[in-house]
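K.L.:
Residues per chain, in single letters:
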Amino acid sequence: MERYYQPEIETASREQIKAWQDERLVKQVRRVWDNVPYYRKKMEEKGVTPDDIRGTEDLKKLPFLSKADLREAYPYGLMASPLKDCVRIQSTSGTTGKRVVAFYTQHDIDLWEDCCARAITAAGGTNEDVCQVSYGYGLFTGGPGLNGGSHKVGCLTIPTSSGNTERQIMFIRDLNATILCCTPSYAAYIGETMKEMGLTPDQIPLKAGIFGAEAWSEEMRHDIENTLGIKAYDIYGLTELSGPGVAFECSAQSGMHINEDHFIAEVIDPETSEPLPDGQQGELVFTSITKEAFPLLRYRTRDICVLSHEKCSCGRTHVKMSKPRGRTDDMLIIRGVNVFPSQIETVLINQGYPANYQIIVDRVHNTDTLDVQVEMTPEMFTDNMGEITARQKALVDGLRAMLGLSAKVTLVAPKTIVRSEGKAVRVIDKRKI
Amino acid sequence: MSVKQISVFLENRPGALCELTGVLAENAIDMRAFSLAEASDFGIARIIVDDVYKTTTVLRDKGFVHSVTPVLAAALSDTPGGLNEILQCLSAEGINVEYMYAFLGNTPGKAYMVFRVNDPAAGTAALCRHGIEPLEELNVE
Chain A
1 MERYYQPEIE TASREQIKAW QDERLVKQVR RVWDNVPYYR KKMEEKGVTP
51 DDIRGTEDLK KLPFLSKADL REAYPYGLMA SPLKDCVRIQ STSGTTGKRV
101 VAFYTQHDID LWEDCCARAI TAAGGTNEDV CQVSYGYGLF TGGPGLNGGS
151 HKVGCLTIPT SSGNTERQIM FIRDLNATIL CCTPSYAAYI GETMKEMGLT
201 PDQIPLKAGI FGAEAWSEEM RHDIENTLGI KAYDIYGLTE LSGPGVAFEC
251 SAQSGMHINE DHFIAEVIDP ETSEPLPDGQ QGELVFTSIT KEAFPLLRYR
301 TRDICVLSHE KCSCGRTHVK MSKPRGRTDD MLIIRGVNVF PSQIETVLIN
351 QGYPANYQII VDRVHNTDTL DVQVEMTPEM FTDNMGEITA RQKALVDGLR
401 AMLGLSAKVT LVAPKTIVRS EGKAVRVIDK RKI
Chain B
1 MSVKQISVFL ENRPGALCEL TGVLAENAID MRAFSLAEAS DFGIARIIVD
51 DVYKTTTVLR DKGFVHSVTP VLAAALSDTP GGLNEILQCL SAEGINVEYM
101 YAFLGNTPGK AYMVFRVNDP AAGTAALCRH GIEPLEELNV E
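Chains A and B are the protein sequences, given in the same order.
Under the numbering used here, think of the first position of the first sequence as 1, with each following residue one higher.
Under the numbering used here, think of the first position of the second sequence as 1, with each following residue one higher.
Looking at chain A on its own, in the form it has when it is part of the complex (with noise of 0.2 Å):
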């Protein structure tokens, strides 16, 4: 039986959900002209004012917000509320450029947290369940968010934070738990670890874990659920709009549920920017409507992804993302083509290699070089040197199918590839431009 945390909410009729957005949508307009002078004089520029906002229809009118905007307005400039009446900041990781700071007041936070609460109840969390939170606390949103969700269900809640991999797996053994939260590279570190332990999943007492905060694939998913033994759920969110939980994978694992309730969702065309029609790939738009200290309206994610308003197995009435193919930060260009690390991890895991490898971009005599570095295993490895050169080809025709281009395969002694204990570092771009 499928369980939710908010059932009323999340199984609502969609001319309900619309209700909700729609009046939450103008309110917040209002409110945001009244108290964001960086936002109203956007409006301004683009000749709206609060009036012209009656609905979601009119969501269009809005000009964007980018990551560049919250950049320019750093600390204070996108704030509604005034800073006495909030309780939090949590930041951004930096690693695409200057840090992010999001405040929140205590409903914000409360609010964030019921969202996470709802990814951990469609994982099959209960509070019979003991959910150890991987994921790493302190400025990062993945620690704080699903701290607050676990709690929120009921959950024994064993805040190991990220790193110190022994220990993770000693908590989970000793205390039996049940549900595991961390990043997905993470997740596969932990596995790899127990499975050199000796340790078979039937011994791991975990049967669920929720992922996220980075692009991985389907077959990654695969991978982490046969060595842990669990079913694993993707989750979604941004610093900019709370923190995970912004959507959350259901027990039908075909995409995420967006809270509706708290963020109208919109796909566009990141060249064009215009509105794109259900079930067309463009980047990912969210308007948050109930956020009081940090509420951004129109902000694009550069999450490349596709919304389906189709009917869920698990009940729920609210709008699916597919899993993001990747940030646009993300994405490199190389040779003039596109490449998501997660195309080359499709292909990776496919030949049975491990989710462990370094993109390496380079340019050499002004041509870009591509080098996928993957280590051997003791499974991959025979004294068959043959063999081994034409699995490698094998890896070389893979990668050009699934890229349309040349790349050169690297195969590395194990462990030279540093392991994540948050997010993973997939790519080193050399190329001085």
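Keep in mind that a hint or two might mislead.
As the list claims (entries may be wrong) - Keeping only pairs whose Cα atoms sit at most 20 Å apart, straight-line, the calculated SDA-like set for lysine to any residue is:
#1 Lys-62/B x Thr-193/A
#2 Lys-415/A x Ser-67/B
#3 Lys-62/B x Lys-408/A
#4 Lys-415/A x Thr-56/B
#5 Lys-62/B x Glu-166/A
#6 Lys-4/B x Phe-381/A
#7 Lys-4/B x Glu-379/A
#8 Lys-415/A x Lys-4/B
#9 Lys-408/A x Ser-67/B
#10 Lys-415/A x Asp-61/B
#11 Lys-415/A x Gly-15/B
#12 Lys-62/B x Arg-419/A
#13 Lys-195/A x Arg-60/B
#14 Lys-408/A x Gly-43/B
#15 Lys-195/A x Gly-43/B
#16 Lys-62/B x Gly-47/A
#17 Lys-408/A x Leu-59/B
#18 Lys-195/A x Gly-63/B
#19 Lys-62/B x Met-197/A
#20 Lys-62/B x Ile-417/A
#21 Lys-195/A x Ser-67/B
These aren't lab readings, by the way, just hints derived from the structure by calculation.
Assemble the complex: chain A is given as a structure, and chain B must be docked to it using the hints.
P.N.:
Chain B only, in chain A's frame:
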């Protein structure tokens, strides 16, 4: 009667081979035979040692990917035609040699070879039928 050869994966970069020999030296492992095969970006070191169990344990602890392969080792006459004689035996019985390498022994007039063949049991039988006894271990004095 085959001998256990340990094949070790090595990256093709300065120092990679030295890391392997370093581990063997630290653990006082005596190599009887050694050969190196290389592709463009990696290599396989093939070694025959005095203590296979100890060596594989040490290599595993140090994170070297390796495998154990049965190979034939034989002493042959160190005269013109010595190798030819052995290869003719194998050839006559349809046994394929994938690779082979020579190693040193101290017996005057003898040369020592390691053969990796497609079917070690059949290879052993072929040599025996021609009066050549494959070595059981490489304690060549």
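K.L.:
None of the hints should be skipped; say for each whether it holds.
P.N.:
The hints, checked one at a time:
{"no.": "1", "hint": "Lys-62/B x Thr-193/A", "result": "holds, 15 Å"}
{"no.": "2", "hint": "Lys-415/A x Ser-67/B", "result": "holds, 18 Å"}
{"no.": "3", "hint": "Lys-62/B x Lys-408/A", "result": "violated, 27 Å"}
{"no.": "4", "hint": "Lys-415/A x Thr-56/B", "result": "holds, 18 Å"}
{"no.": "5", "hint": "Lys-62/B x Glu-166/A", "result": "holds, 18 Å"}
{"no.": "6", "hint": "Lys-4/B x Phe-381/A", "result": "holds, 17 Å"}
{"no.": "7", "hint": "Lys-4/B x Glu-379/A", "result": "holds, 19 Å"}
{"no.": "8", "hint": "Lys-415/A x Lys-4/B", "result": "violated, 27 Å"}
{"no.": "9", "hint": "Lys-408/A x Ser-67/B", "result": "violated, 26 Å"}
{"no.": "10", "hint": "Lys-415/A x Asp-61/B", "result": "holds, 12 Å"}
{"no.": "11", "hint": "Lys-415/A x Gly-15/B", "result": "holds, 17 Å"}
{"no.": "12", "hint": "Lys-62/B x Arg-419/A", "result": "holds, 17 Å"}
{"no.": "13", "hint": "Lys-195/A x Arg-60/B", "result": "holds, 15 Å"}
{"no.": "14", "hint": "Lys-408/A x Gly-43/B", "result": "holds, 17 Å"}
{"no.": "15", "hint": "Lys-195/A x Gly-43/B", "result": "violated, 27 Å"}
{"no.": "16", "hint": "Lys-62/B x Gly-47/A", "result": "violated, 67 Å"}
{"no.": "17", "hint": "Lys-408/A x Leu-59/B", "result": "violated, 28 Å"}
{"no.": "18", "hint": "Lys-195/A x Gly-63/B", "result": "holds, 15 Å"}
{"no.": "19", "hint": "Lys-62/B x Met-197/A", "result": "holds, 15 Å"}
{"no.": "20", "hint": "Lys-62/B x Ile-417/A", "result": "holds, 16 Å"}
{"no.": "21", "hint": "Lys-195/A x Ser-67/B", "result": "holds, 19 Å"}
In the structure shown, a violation is registered for the earlier hints numbered 3, 8, 9, 15, 16, 17, in ascending order.
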